[in-house]
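S.K.: Each chain, written out:
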Amino acid sequence: MPAKVRVDRLKTVYAAAKSINFGFRATDYPSAPFQNGVSAFSPQLHRITLRFCKQSESSVGVRNFIDNGLVDFARENPTCAVYVVPGRQCTPTVRAEYANGRMVHMNVTNLTYEQLSRHINYLRTRSGLPQVKYIARQTAQCKSIQGMWSPVLFRDPKQNAVELPNPEFSPPPRKNQPTATEYIMNQVYGNLEDDRKC
Amino acid sequence: MASPISRFNRVNQWLLFARQWSVIDAAHQDAKELGVKVARHLSGKHKPIWHPETDCGDHVVVINCKDVAMHGFDWKHTLYHFDKLYPKARDDIYAWQIHEHDPCRILWITTYRALGNNLIRRSHIERLHLFPDEDMPEFVKKNIGNQLKQIIPVARKSTEYTEEERAKFPRIVKFPEDHILDWHAPIVDPGAWKKPRYRKPKKLTTGKK
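These protein sequence lines map, in sequence, to chains G and F.
In terms of full-length UniProt numbering, the first sequence opens at residue 1 and continues consecutively.
In terms of full-length UniProt numbering, the second sequence opens at residue 1 and continues consecutively.
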């Protein structure tokens, strides 16, 4: 993964406009909160709250889920606290709270049992990080494998010893094949060091 | 700060973004190709950290500009067009005429064109320093920290070969004793050229009347 570019940008946008929350256009690399999963894994969903109405038709799916699927869900996720809040004439919602303090709110009116169980499973598997557009589908902790480039990395250190400009450093690099002139010169003057094949 | 840089590591940051002064010898090099190479270093595209908005270009000092070369008859055939958008301000000047007047101008023009047709080239070309020979001001010489390789290999002159090397080279043809080499032969004066007198072409006749 390349290092982050530090760019001296000209200010083409008003400074105030920069503070606008473009959450829907956020971009980031994939990551896990608190390096979850690197050495140990802990489920990030800490609390799930189901708010529903006992009478209305919009909460049918929620009521069915509470009857049939909720206990199994709670048993399978001992680290998650499950709260069920009945209310009169309220819209059924699901609120999930995560380890990094963020919360996801979901309106589940008129959802069936299957749909709701799929959504709750999705909330179970999420980390608390917000949804962002991936810049790249991979991420790495190490900034550079081969090491950071510097202007002196591929420089001939012999240039340090002499005063520049020096004709010794002017010739272009040798090519893989010798030229006709070079081949003849090697033959005539017995240059055995040059072992490039024609 | 996203990731704080320690006082020990900040030097690496300074080195990464340091502006370098490079020198290159233009003798016997093609002006166009050299312009491309120099433009690449002026804009900073030789660096992996390049970005158009990061001002990461280097300074380039070009010496021996008077000895720059062109392919074939380009000195005679290449015309540079000048136009100041004022009346009577248009002109087409040959490359050899420009080079006669200012030996550094041709390389300046080729580098400017190789930088691309954009606004940033005006700041990049400020970092190009051209000198007709190897003389340069002291502050420029002090700043130089790197030498760039040439593009075209400069061939050895025949005067640079020693007598031993000449003797060692095998002879393909054995000349007679009184043979004179081409460049030792006396130059014969052809005399003034005289325009041939026009003669009307003869009509072909069959003999019959």
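These aren't lab readings, by the way, just hints derived from the structure by calculation.
Watch out, some of these pointers could steer you wrong.
Claimed, not checked - Stretch-level coverage of chain G by chain F, calculated; a stretch enters the list once three of its residues show a Cβ under 8 Å from a Cβ in chain F:
| hint | stretch |
| --- | --- |
| 1 | 28-39 |
| 2 | 103-109 |
As the list claims (entries may be wrong) - Non-contacting residues of chain G with respect to chain F, defined by C-beta distances greater than 10 Å in every case (computed):
| hint | residue |
| --- | --- |
| 3 | T112 |
| 4 | S127 |
| 5 | A136 |
| 6 | M148 |
The C-beta atom is built at its ideal place from N, Cα and C for all residues, glycine as well.
S.K.: To test your reading of the hints: which numbers does this structure violate?
M.R.: Hint check: 1, 2, 6 fail, others pass.
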